[in-house]
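Turn these sequences into a full structure, and let the hints steer you where they fit.
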Amino acid sequence: MKNKISKLYLALVFLFLYAPITVLVVYSFNDSKSRGNWGGFTFKWYLELFKDRDIKTALYYTVTIAILAAVISTIVGTVSAIGIYNMKTSRMNFLLNINYLPIINPDIVTGIALMILFLSANIKLGFSSMLLAHITFDIPYVILSVLPKLKQLDNNITEAALDLGATPFYTLKKIIIPQIKPGIITGFLIAFTLSIDDFVISFFTTGSGVTNLSIEIYSMARRGISPTINALSSLMLVVVLGLLLIINKRTTIPTKE
Amino acid sequence: MNSKSRYLAYPYSIWMLVFILFPLFLIFLYSITLRNPNDIKTITFTFENFGKFFDPIYVNVLIRSISIAALSTGICLIVGYPVAYLLTRAKDKHKGLMILLFILPMWMNMLLRTYAWMTILGNTGLINSFLNLLNLPNVNLLYNNKAVILGMVYNFLPFMVFPIYTALNKMDRSLIEAADDLGADGFTIFKRVIFPLSLPGVISGIVMVFMPAVSTFVIPRLLGGGKNVLIGNLIEKLFLVTRDWNFGAALSMIILIIIFISIKILNILKIDKESGVSI
Chain L
5 MKNKISKLYL
15 ALVFLFLYAP
25 ITVLVVYSFN
35 DSKSRGNWGG
45 FTFKWYLELF
55 KDRDIKTALY
65 YTVTIAILAA
75 VISTIVGTVS
85 AIGIYNMKTS
95 RMNFLLNINY
105 LPIINPDIVT
115 GIALMILFLS
125 ANIKLGFSSM
135 LLAHITFDIP
145 YVILSVLPKL
155 KQLDNNITEA
165 ALDLGATPFY
175 TLKKIIIPQI
185 KPGIITGFLI
195 AFTLSIDDFV
205 ISFFTTGSGV
215 TNLSIEIYSM
225 ARRGISPTIN
235 ALSSLMLVVV
245 LGLLLIINKR
255 TTIPTKE
Chain S
380 MNSKSRYLAY
390 PYSIWMLVFI
400 LFPLFLIFLY
410 SITLRNPNDI
420 KTITFTFENF
430 GKFFDPIYVN
440 VLIRSISIAA
450 LSTGICLIVG
460 YPVAYLLTRA
470 KDKHKGLMIL
480 LFILPMWMNM
490 LLRTYAWMTI
500 LGNTGLINSF
510 LNLLNLPNVN
520 LLYNNKAVIL
530 GMVYNFLPFM
540 VFPIYTALNK
550 MDRSLIEAAD
560 DLGADGFTIF
570 KRVIFPLSLP
580 GVISGIVMVF
590 MPAVSTFVIP
600 RLLGGGKNVL
610 IGNLIEKLFL
620 VTRDWNFGAA
630 LSMIILIIIF
640 ISIKILNILK
650 IDKESGVSI
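Keeping their order, the protein sequence lines are chains L and S. Following the working numbering, the numbering of the first sequence begins with 5 at its first residue and continues without gaps. Following the working numbering, the numbering of the second sequence begins with 380 at its first residue and continues without gaps.
To be clear, the hints were calculated from the coordinates, so they are not data collected in a lab. Every residue, glycine too, gets a C-beta built ideally from N, C-alpha and C. Honestly, I wouldn't trust all of these hints.
[Claimed, not checked] Keeping only pairs whose Cα atoms sit at most 20 Å apart, straight-line, the calculated EDC-like set for lysine to aspartate or glutamate is:
hint, chain 1, residue 1, chain 2, residue 2
1, S, K570, S, D559
2, S, K383, L, D35
3, L, K178, L, E163
4, L, K6, S, D564
5, L, K6, S, D559
6, S, K470, S, D551
7, S, K616, S, D434
8, L, K8, S, D471
9, L, K92, L, E163
10, S, K606, S, D471
11, S, K570, S, E556
12, L, K11, S, D471
13, S, K383, L, D158
14, S, K470, S, E556
15, L, K55, L, D35
16, S, K383, L, E163
17, S, K570, S, D551
18, L, K178, L, D158
19, L, K48, L, D58
20, S, K474, S, D551
21, L, K185, L, D158
22, L, K6, S, D434
23, L, K178, L, D167
24, S, K549, S, D559
[As the list claims (entries may be wrong)] Some chain L residues judged to face chain S by a derived CB distance under 7 Å, without partners named:
hint, residue
25, L21
26, I88
27, F98
28, A165
29, L168
30, I188
31, L198
32, S212
33, V214
34, A225
[To be verified] Derived list of chain S stretches under chain L, where covered just means 3 residues or more per stretch with a C-beta under 8 Å from a C-beta of chain L:
hint, segment
35, 383-395
36, 403-410
37, 421-427
38, 448-457
39, 472-483
40, 595-604
Encoded structure:
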């Protein structure tokens, strides 16, 4: 009896989580523009999606910025994590606390703070400002995924390598990086998905003509909704599902704490 | 490792100074200054921006934001705690799949998830079409506070479930068995053993839900319509429409202060910083 109640409870929560998504996917095949009516099965919204210039541009910027930001922040984050790990505890904690700020701060504050920075520095809002903003909020997550792996390292192995005459750079390349690789990959994937998904910070740091999918969806949702969004969201769901299956093979995901 | 490798952190230290600390300082600077409209170069230091906030209109927006966010956080806790508990009790072979199913919606674009509710709740949406089919009158489900709370719970529920799940998962099972052997009933075990041990998870869950809930402007904009403004909407408007940066900065400072105070209060019950969600 108790078991049945818990199963029913979980089923209800999953229903709550999946109902809206199911609706989106089903309506992406609906041949009627009105959301209430079912006008038959169609692929036309998907075809329209590929003809839509705005969406294609937004997709281009979303993916380009996500890849660039993820690659740059993974490199910078990994290198910085190694540096931070080798600092004295007091300094390490000081830097980590600052590193936590973009994670703790509400997105709207981060977005506005960066917007003010760019405008005060006379940087035109657009592609580069959005990229810089994404790198800024990605790096902390990379550091937080790499650092625990560094802490798990066996120092004896590193010291053995150095004793045997390996240069610090060679040790880094052959001993340290291979051992912390899972953390680096997790960091990269988190950075990538955060970038792909970001709305608020991009919204404030972007300028004329440069939008990403989230911004596009926001403006479409406000000005009346075209079923092409449904098609777009179904496609994105498939992509996310694919990414998630990869990430699920890794073990930990740092959370906002 | 070589002690020199600490220098590797120096470039990022400068980056943090420029892109994290300095922008926050700029917000602070804008919040305590006013620009002279006749002469752009002179700025005056003032608390006027914060004073402006004490207009009942703005205070009410803040109170509404805090109470809606708190209510959503409470609902997330009540709904999410049993979910986290049941996830830890699931059989190992189902566990991975169930957690995957739970994460999946979270990794879907937040705007899409919110927009999906517009599809369901709207005037021509799913529920109303169904009611029309039964010849029942339309109900107004969208563009009110309830819709905003629903959107928040929907979007932020996983943020509550995962920290609690992690805390419960780390718990030593033998403690429950010991309590059981010593004659404690189910409720006592929960009250005296399980809940206290999961408290760190509950606290980070509360922070992780309350923080985005109190500052969001997307959910109230899409589900609350134009009328049900929260503080996030106000800030967005001040920066992008009215261009009153000084007042907007003051409101941002107020949001930051509220969040840091709530984190400090909750931190009295210490949170382990390095713990992540294990899957």
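For each hint, the structure was consulted:
1. K570/S x D559/S: holds, 13 Å
2. K383/S x D35/L: violated, 65 Å
3. K178/L x E163/L: This hinted pair holds, its Cα atoms lying about 13 Å apart.
4. K6/L x D564/S: holds, 15 Å
5. K6/L x D559/S: Between K6/L and D559/S the Cα gap is close to 18 Å, so the pair holds against 20 Å.
6. K470/S x D551/S: Roughly 17 Å between the alpha carbons, so the hint for K470/S and D551/S holds.
7. K616/S x D434/S: holds, 17 Å
8. K8/L x D471/S: OK: K8/L and D471/S at ~18 Å, within 20 Å.
9. K92/L x E163/L: Given that 20 Å is the threshold and the Cα spacing comes to 19 Å, the pair holds.
10. K606/S x D471/S: violated, 48 Å
11. K570/S x E556/S: Between K570/S and E556/S the Cα gap is close to 15 Å, so the pair holds against 20 Å.
12. K11/L x D471/S: holds, 16 Å
13. K383/S x D158/L: Given that 20 Å is the threshold and the Cα spacing comes to 19 Å, the pair holds.
14. K470/S x E556/S: holds, 18 Å
15. K55/L x D35/L: holds, 17 Å
16. K383/S x E163/L: holds, 14 Å
17. K570/S x D551/S: It holds: about 16 Å lies between the C-alpha atoms, which stays within 20 Å.
18. K178/L x D158/L: holds, 14 Å
19. K48/L x D58/L: holds, 17 Å
20. K474/S x D551/S: holds, 18 Å
21. K185/L x D158/L: holds, 15 Å
22. K6/L x D434/S: Not OK: K6/L and D434/S at ~53 Å, beyond 20 Å, violated.
23. K178/L x D167/L: Given that 20 Å is the threshold and the Cα spacing comes to 14 Å, the pair holds.
24. K549/S x D559/S: holds, 19 Å
25. L21: At 5 Å from the nearest chain S Cβ, L21/L passes the 7 Å test, so the hint holds.
26. I88: holds, 5 Å
27. F98: violated, 10 Å
28. A165: Since the shortest Cβ distance to chain S is 10 Å, the answer is violated.
29. L168: This hint is violated: L168/L lies away from chain S, its Cβ roughly 15 Å from the closest one there, beyond 7 Å.
30. I188: violated, 14 Å
31. L198: violated, 10 Å
32. S212: violated, 14 Å
33. V214: Violated, about 15 Å.
34. A225: Constraint on A225/L satisfied, holds at 5 Å.
35. 383-395: Result for this restraint: holds, n = 12.
36. 403-410: That given contact holds, which follows from 4 residues of the segment 403-410 of chain S lying within Cβ reach (below 8 Å) of chain L.
37. 421-427: Violated - the segment 421-427 of chain S has 0 residues with a Cβ nearer than 8 Å to chain L, which falls short of three.
38. 448-457: With 0 residues close enough to chain L, the hint is violated.
39. 472-483: holds (count 7)
40. 595-604: Per the Cβ count (5), the hint holds.
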